[in-house]
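Modelling step: build the complete structure from the supplied sequences, incorporating the hints.
Spelled out from the first residue to the last, the chains are:
2 protein chains.
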Amino acid sequence: MPESSSVLVGRKPVMNYVLACLTLFHGGAKEVNVKARGRAISRAVDVAEIIRHRFLPDVKIGNINIGTEQIQSSGKAPANISTIEITLVR
Amino acid sequence: MPESSSVLVGRKPVMNYVLACLTLFHGGAKEVNVKARGRAISRAVDVAEIIRHRFLPDVKIGNINIGTEQIQSSGKAPANISTIEITLVR
Numbered sequence: 000m001p002e003s004s005s006v007l008v009g010r011k012p013v014m015n016y017v018l019a020c021l022t023l024f025h026g027g028a029k030e031v032n033v034k035a036r037g038r039a040i041s042r043a044v045d046v047a048e049i050i051r052h053r054f055l056p057d058v059k060i061g062n063i064n065i066g067t068e069q070i071q072s073s074g075k076a077p078a079n080i081s082t083i084e085i086t087l088v089r
Numbered sequence: 000m001p002e003s004s005s006v007l008v009g010r011k012p013v014m015n016y017v018l019a020c021l022t023l024f025h026g027g028a029k030e031v032n033v034k035a036r037g038r039a040i041s042r043a044v045d046v047a048e049i050i051r052h053r054f055l056p057d058v059k060i061g062n063i064n065i066g067t068e069q070i071q072s073s074g075k076a077p078a079n080i081s082t083i084e085i086t087l088v089r
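Protein sequence lines, in the order shown, are assigned to chains A and B.
Be aware that the first sequence starts at 0, since it is given in numbering that gives the first Met the number 0, and climbs by one per residue.
Be aware that the second sequence starts at 0, since it is given in numbering that gives the first Met the number 0, and climbs by one per residue.
Simulated from the structure, these hints should not be mistaken for lab results.
Some hints could be false.
No copy labels: a pair is met if it fits in one copy or bridges any two.
[Claimed, not checked] With a cut-off of at most 35 Å between alpha-carbon atoms, the simulated DSBU-like pairs for lysine-lysine come out as follows:
#1 29 x 11
#2 34 x 59
#3 29 x 75
#4 59 x 75
Predicted model, so just to flag it, every value in this text is computed and none were measured.
Given below as structure tokens:
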């Protein structure tokens with residue numbers, strides 16, 4: 000397993016993504032990047048907070064980056080969507 | 000005006016909060032803290048991104064902190080809610 004892995008947070012229940020991160024850490028990952036776009040951003044923050052407060056107190060928040068992506072849908076003007084990437088470090 | 004001010008992002012349209020931040024910067028603020036809780040977190044990221052990409056290119060993202068607050072509603076069990084604080088620096 001690589002030392003750094005990613006979990007993309009979407010519309011599923013928050014515990015799905017918490018479990019995905021826990022699985023990566025238990026598999027030996029030293030860093031997990033929790034990523035999300037648009038409205039899922041608040042869920043990504045929930046994932047990070049639940050992991051470090053409830054499951055893995057030795058996990059720290061590394062870096063938090065925010066950004067903007069341009070989404071091109073067919074027949075529509077391009078739209079900007081915000082992104083977040085939270086690095087969890089064990 | 001103090002050198003550091005805060006804008007609490009809630010449920011109003013995102014441009015309301017963008018305007019609030021721009022007003023603080025134009026009034027001389029060197030730092031503006033954009034804060035939000037729960038689902039408004041993604042809107043706070045939108046506010047920060049719109050300000051630096053569309054209005055004030057000299058504004059940088061300083062620190063980004065995430066956390067958890069406990070909300071006590073009458074007659075309900077306490078609930079945890081995630082928070083974010085994005086520091087914009089001019």
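Here is what the structure says about each hint:
no.	hint	in the structure
1	29 x 11	within (25 Å within a copy, 39 Å between copies)
2	34 x 59	both (16 Å within a copy, 21 Å between copies)
3	29 x 75	neither (41 Å within a copy, 38 Å between copies)
4	59 x 75	between (41 Å within a copy, 30 Å between copies)
Checked against the numbered hints listed earlier, the structure breaks hint 3 alone; every other hint is satisfied.
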